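Visitor: Take the given structure of chain W and dock chain L to it, following the hints.
For the protein sequence lines, the chains are W and L, in the order given. For the first sequence, this note's numbering gives the first residue as 1, with consecutive numbering after it. For the second sequence, this note's numbering gives the first residue as 1, with consecutive numbering after it.
What the hints contain is simulated information worked out from the structure, not anything from laboratory work. None of the hints are false.
Examples of chain W residues lying across from chain L (beta carbon under 10 Å, computed):
(1) Ile317
(2) Cys319
(3) Asn372
(4) Glu376
It should be emphasised that the depicted structure is a prediction, and the values quoted were computed from it without experimental measurement. Glycine included, C-beta positions come from ideal geometry on N, C-alpha and C.
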Amino acid sequence: MTSICLYFEVHQPIRLNRFTVFNIGDNESITRYFNNSLNQEIFTKVAKKCYLPTNNLLLDLIKEFKGKFRVSFSLTGTFVEYCNEHMPEVINSFKELFKTGAVDLIEETYYHSLASLYDDLDEFEEQVILHRQMIKNIFNYKPKVFRNTEAIYDNRIAKKIAEMGYKGIITEGTEKILGWRSPNYLYKPVNSEIKVLLRNYTLSDDVGFRFSARLWKEYPLTADKFSYWIAKCQGDIVNLFMDYETFGEHHWSETGIFEFLTHFPEAVFKHSHLDFITVSEAVERYAPVGEIDVPLAISWADEDRNVSTWLGNEMQIACFNELKNIGRKIKEKNDKKLLEIWRRLQTSDHLYYMSTKGLADGAVHAYFSPYNGPYEGFINYMNILQDLKQKLD
Amino acid sequence: MKIAMIGWEYPPFKAGGLATHCYGLTRSLANKNVKIDFYMPKTKQNVGSDNPNIRIIPVGDSEIFPYDRPDSREIAGDFYEAVYKYNDLVVKKILYNMEKHGKYDVVHCHDWLTMNAGISIKEKTGIPLIVTVHSTEYDRSGWLNPNQWFIDIERKGMEHANRVIAVSHFTKRIIVEKYGIPPDKITVIHNAVFPVPEGHKKDIVLFLGRLTIQKGAEFFLRAAQKVKKYEPDTKFVVAGDGDMLPRLITQAIDLGLSDKVIFTGRLSDEEVKHLYGISSVYVMPSVSEPFGITALEAISAGTPTIASKTAGFSEAFNNCLKVDFWDTDEMANKIISLLRYDPLRKTIAVEGKREVSLFTWDRVADKTIETYRSVS
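The following block holds chain W by itself, in its conformation from the complex (with noise of 0.2 Å):
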């Protein structure tokens, strides 16, 4: 038997507003740092491509296969921010879902933070609970698989992660940690106790990335295709791991995208030895079957693997560092209404679109920044963060 585990990352960060070295010190300019405008267009329009009809799609075919069609999902504290305020029909239909039972929930950090490579990891564990709060809040659900902000893992991290009662650990299935293993198997940390999923980055990024690239040599990819290559995989489990923007937004409908995921659980179901499971699932049927270890952060972002997607230049180090500093003043000072907006300045989202990585990330980059180049990302920024500063004093 190999199961199949498809699980979706929902997030959306908080954008910032237009914010001039003028406007550092302003009064009431704490106020004016984000861009609710932009950010309820931004919002609205992927849940109309994406996410309403992509959950419709999901519950009739959980109802069409009678459970045995299941996914997993991460929602981020910032995602479901903009469904209470925009789109609660959003947050309704991922109850639907859930009350299923086919459907399982995934831990995070709250804002999508870098929290977990600061230098010690309290503000992490504090936005981690954040996020069980919200969850437990919405779905009354305790998640047991936690999912760093873009799978950034290393040994300190699964370990913390494992001390707070996780079984499972989600990260990237690279060579970097694998050497010649398959990532179609549960391994387990060197240093604690936990199981880890692997995500399968060729199939994964089949859809993610490449499905309606015409210029690949496998396009279209039909559900059937796909189904047969992971029908030929050796292993225990082969994971499924994107963006759930794939469907709708990074992909067009017209792509075929939506045809594609229809038919998708109809043409695994074709080869009897496969089935689905939720990430919950595969960290109780299935043992790890060997050690990672893990001393440099990993993730699964960009060609690199690494943390370098966030802190690669020195604009992105500076504004990490000031960051930090910011924090712990604020948490000094007890004041809760900037310490809410220290940490929606956390998202790592805010030092994405400052990356300088040239080539085919940077054309990646782009696509997703709301600024005019990574330049423009910092400048806006670093002046927010100036301006917070000055609250402090």
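Guide: Then chain L, alone, in the frame of chain W:
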């Protein structure tokens, strides 16, 4: 392959970017074994070439400064006459040289000033004509009262040309829209740059260019006034000469910048390089900029650059900051940010230098040879 190239300036005689372009292009073509006879007006300085594939052929007896915009009719009359005379002499000289040394494969003209000669050679001998457009009359006039006499020559030259080379897509668009030339007749070849060494950086924000309406120095001064309040130790240097100099000096005084702005006047090549090297920010607020070689020169010297959004080079260049030339608030925001945030300045300098190294004359020469082959 043997080319008759017609220009009006060549180092060390230099009034603008055209001399740099002709120098870079002819050197790299010569290295690829293209023989070039470069025709230009005779100058007081001695212009020559040490490369056996390049012959500099001076024509007539006077220098021509085509960037000076003839305001009064009297001067204008003399200027037009000098241009006609130069073109006639070039034609005679080319025909004479062909009789003596054999035919050229292509005649290649640069900008309007040389186009009549190119047309005439093509009509008399049938040799294919290529014209490179470095700027149009619309650019030079800043889109205010463009001179029909120049426009007509430009149009005629492009119509007669077998192919037109534009220095940017920005310029190609103008050639299509304002001159009615079919887009498939125009090849875009972006300029290149000879790198300038980095110097010891000082708190200097630099403007460098002709002080004409096209280059937008007045917007630089308005931004400077806004920066002064926030970064009082910064000096602003306006380098270059042109018909707007007196007006700009008055403007600087009116804006309360007399202790902050330095007008250098016309500088030597060495002085220009030194300035690029020691400046912390370079600003190119051109109203209309077909390419903007100076921006790439500044970037090559490790100087972060803020350029007009529409500047031709920036359509193919990522590692600089872009503004609308009229948006002096945003220009000031970016100048202050560059002065204040070391990591921004360092990252943009490093990435900019890396990217600018891709803009080589070798690449320009390859694309130019391709264009020659397509017509001969």
